[in-house]
Amino acid sequence: MEPTIDERAHDVRRGALRGLSLVVLVVLLLAAGGAAWGTRRVVHDQEHRLLSERTSEVGLILQTAISAVQAQLANAGTASRLANGSQQAFIDATKVDVATTPNLLTEALLAPAPDNRDGFVILAAVGPSNKVGDVFTGERADAIRKAISSPGKMTSTRVLTDRGKKTLGLAAGPPTAPPGQVMYRETSVSPAGQSRTAAAQPFSELNVVLYASKTAEPSQALLSSTKIKIPLQGDVVNQPFNLGATAWLLSVTAQHPLVGSLASRTPWFVLVGGLLLGLLMAYVLEVVLRRRDYALALVDERTAALRTSLGALESAQEQLVRQERLAAVGQLASAVGHELRNPLGVISNSLYLIRGATSESPDDRLKRHVATAEREVSAATLIISDLLDFARAREPIVASVDVSALLDEALEVAPPPHGITVARENGAALPGVAADRDQLRQVLLNLITNGYDAMNDGGELNIATAASNGRVAITVRDHGSGMTEDTRSHLFEPFFTTKPRGVGLGLAVTQRIVGAHGGTISVDSKPGEGAAFTVSLPVFTEAPAAQ
Amino acid sequence: MATRVLVVDDEAGMRETLVDILEGAGYEVAAAPDGIAALATVEDSAFDVVLMDIRMPGPDGVTVLQRMGPPPPRVIMMTAYAVEDQLRQAIDAQAFAVVHKPFQIGYLLGLVEGAAEEAS
Numbered sequence: 001m002e003p004t005i006d007e008r009a010h011d012v013r014r015g016a017l018r019g020l021s022l023v024v025l026v027v028l029l030l031a032a033g034g035a036a037w038g039t040r041r042v043v044h045d046q047e048h049r050l051l052s053e054r055t056s057e058v059g060l061i062l063q064t065a066i067s068a069v070q071a072q073l074a075n076a077g078t079a080s081r082l083a084n085g086s087q088q089a090f091i092d093a094t095k096v097d098v099a100t101t102p103n104l105l106t107e108a109l110l111a112p113a114p115d116n117r118d119g120f121v122i123l124a125a126v127g128p129s130n131k132v133g134d135v136f137t138g139e140r141a142d143a144i145r146k147a148i149s150s151p152g153k154m155t156s157t158r159v160l161t162d163r164g165k166k167t168l169g170l171a172a173g174p175p176t177a178p179p180g181q182v183m184y185r186e187t188s189v190s191p192a193g194q195s196r197t198a199a200a201q202p203f204s205e206l207n208v209v210l211y212a213s214k215t216a217e218p219s220q221a222l223l224s225s226t227k228i229k230i231p232l233q234g235d236v237v238n239q240p241f242n243l244g245a246t247a248w249l250l251s252v253t254a255q256h257p258l259v260g261s262l263a264s265r266t267p268w269f270v271l272v273g274g275l276l277l278g279l280l281m282a283y284v285l286e287v288v289l290r291r292r293d294y295a296l297a298l299v300d301e302r303t304a305a306l307r308t309s310l311g312a313l314e315s316a317q318e319q320l321v322r323q324e325r326l327a328a329v330g331q332l333a334s335a336v337g338h339e340l341r342n343p344l345g346v347i348s349n350s351l352y353l354i355r356g357a358t359s360e361s362p363d364d365r366l367k368r369h370v371a372t373a374e375r376e377v378s379a380a381t382l383i384i385s386d387l388l389d390f391a392r393a394r395e396p397i398v399a400s401v402d403v404s405a406l407l408d409e410a411l412e413v414a415p416p417p418h419g420i421t422v423a424r425e426n427g428a429a430l431p432g433v434a435a436d437r438d439q440l441r442q443v444l445l446n447l448i449t450n451g452y453d454a455m456n457d458g459g460e461l462n463i464a465t466a467a468s469n470g471r472v473a474i475t476v477r478d479h480g481s482g483m484t485e486d487t488r489s490h491l492f493e494p495f496f497t498t499k500p501r502g503v504g505l506g507l508a509v510t511q512r513i514v515g516a517h518g519g520t521i522s523v524d525s526k527p528g529e530g531a532a533f534t535v536s537l538p539v540f541t542e543a544p545a546a547q
Numbered sequence: 001m002a003t004r005v006l007v008v009d010d011e012a013g014m015r016e017t018l019v020d021i022l023e024g025a026g027y028e029v030a031a032a033p034d035g036i037a038a039l040a041t042v043e044d045s046a047f048d049v050v051l052m053d054i055r056m057p058g059p060d061g062v063t064v065l066q067r068m069g070p071p072p073p074r075v076i077m078m079t080a081y082a083v084e085d086q087l088r089q090a091i092d093a094q095a096f097a098v099v100h101k102p103f104q105i106g107y108l109l110g111l112v113e114g115a116a117e118e119a120s
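Taken in order, these protein sequences are the chains called G and P. Counting from 1, one number per residue, gives the positions in the first sequence under our numbering. Counting from 1, one number per residue, gives the positions in the second sequence under our numbering.
Quick caveat, the hints were computed from the structure, so don't treat them as lab data. Built from N, CA and C at the ideal position, the CB exists for glycine as well. Keep in mind that a hint or two might mislead.
As the list claims (entries may be wrong) - Example chain G residues on the side facing chain P (calculated, C-beta under 7 Å, incomplete):
(1) 349
(2) 381
(3) 394
Model the full structure from these sequences, guided by the hints.
Following this line, the structure appears as structure tokens:
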């Protein structure tokens with residue numbers, strides 16, 4: 001069954017996303033993602049640039065701090081040189097340093113150790129860790145040796161771990177120290193704590209870690225701005241920090257976005273905005289597409305309905321035209337037929353008189369000619385009756401009709417032509433059938449003359465009657481050439497004929513009359529085996545059911 | 001006394017052949033070409049059976065039948081036109097029978113005989 005428009009519309013509403021909507025949605029989502037990613041890149045670059053600038057500032061501040069240490073060392077160095085390496089002079093010169101540097105472990109003047117090629121011996125020192133005469137080797141000696149070979153530049157050790165304490169050594173050779181000697185200071189390092197410098201204003205927004213190494217080695221962290229996880233995570237700016245001849249690393253991240261929290265969230269705004277826009281566009285497009293589908297479905301539906309109506313109209317018109325043509329044919333036939341009946345009646349009467357007048361004549365040919373003329377008048381009468389009955393169907397006027405007597409009459413009207421004999425086979429005592437006598441006679445005449453016409457070469461025409469179950473059956477069987485399936489299928493159509501003469505209305509009228517009587521007509525025939533027509537009619541009762 | 005039959009038909013051929021046939025069958029036959037003449041003839045003398053065409057110039061057969069009598073003769077109506085209304089009217093007007101042209105003479109003679117028997 002064809003679905004109604006409402007069902008289709010429902011399907012349209014219920015269906016999955018249209019391909020176009022889906023494409024638009026995906027494209028807009030991708031565009032939103034791309035825009036968000038691009039914005040994030042721009043914001044990130046800006047953030048990174050700002051962070052780099054701030055890192056440089058931090059570097060400068062730290063350099064200043066280092067310069068202060070170098071200046072202190074230079075002071076002590078100058079004092080030592082003037083005092084010729086006197087311990088007391090050194091103590092005096094570094095008194096201020098010891099007072100202002102709480103984490104100072106050692107501040108010393110060293111010279112290469114005479115008995116150890118790789119070591120350096122302390123000539124003068126302050127601080128709790130070392131005393132004059134101690135010899136430095138290993139990493140401390142490496143930094144000191146490098147300081148001697150890098151005039152004017154400070155060097156540092158890596159962060160040293162000594163009995164669980166972390167320390168850092170700074171060394172400065174000549175001209176800070178006297179020729180051939182080195183100023184050395186070692187301080188304790190506590191990177192996890194917030195250093196004074198780190199608390200300073202430029203650091204407040206930053207996480208700063210200074211490593212005493214080229215790379216971000218957690219063990220080499222000298223100072224960090226807060227208690228943070230080392231190494232730093234996220235957007236890290238790693239800037240080389242040169243402590244004289246030693247390369248350190250300054251590692252910085254921002255505690256909060258430097259571009260501002262709004263700017264940093266811009267990519268998300270772009271993304272969310274884009275997603276919403278994509279969904280909205282897809283939704284709008286989907287609604288438009290569905291409306292269009294609905295409209296198209298509606299148009300299809302209406303078109304189909306129109307087409308159906310048109311087809312019905314056309315067939316109705318065809319039928320009208322056909323009916324009009326038949327009606328016109330019928331009117332003409334009716335007029336002509338009626339007018340022919342009078343002259344036929346006169347001819348028929350005249351032939352009767354001639355037959356009477358010639359009955360005594362010895363000329364058999366004359367009698368035969370009269371018989372032929374009478375038979376032809378009967379045929380003409382039958383044709384006219386068929387035409388008239390076809391043109392204007394008449395309701396049967398039903399009475400009880402004796403079929404045997406009517407058959408006698410019909411055979412008298414249409415006697416068998418030369419070469420054909422009629423064999424009657426009557427059932428016992430037939431009851432009267434409910435029929436219009438004239439119409440039933442016409443039916444019998446049609447079947448009988450058809451039988452004659454089917455047997456051009458002569459033969460026997462069997463007419464049988466039988467009664468059963470409240471009906472009377474009349475069978476007319478010829479032994480002619482029979483008929484094909486195709487012929488049989490058109491047998492009862494008006495104007496269908498297989499005879500060289502005749503208008504092809506006999507069986508059409510016969511079928512209609514039998515039908516109007518509440519009877520049936522059937523045909524049994526095969527090519528070469530003749531044909532048998534059987535008419536079955538209801539038996540007459542006082543209150544006939546057929547009326 | 002012979003049965004008297006009146007034949008009423010505007011067609012001369014039909015009228016004359018019927019007169020010949022009925023006379024041949026032993027009836028005393030008169031003829032009239034239309035309804036007016038038929039009514040005049042019936043008034044002049046009595047007829048046992050009338051054979052009358054339905055469609056005629058002037059008053060038609062059914063009208064003429066209604067004007068005949070009393071007592072009306074047995075009238076057998078003849079028609080070439082199977083017009084249902086006319087058939088009904090003829091039956092309503094107490095026609096003895098209606099026959100269609102062209103008819104079987106044997107059947108017609110049987111009807112005339114039946115009508116004559118009923119009249120006597």
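Verify the interface restraint on residue 394 of chain G: the C-beta must sit less than 7 Å from at least one C-beta of chain P.
holds, 6 Å
Report holds or violated for the interface hint on residue 381 of chain G, using the least CB-CB distance to chain P and a cut-off of 7 Å.
holds, 6 Å
Min Cβ distance, residue 349 of chain G to chain P: is it shorter than 7 Å?
Since the shortest Cβ distance to chain P is 3 Å, the answer is holds.
Checked against the numbered hints above, the structure violates none of them.
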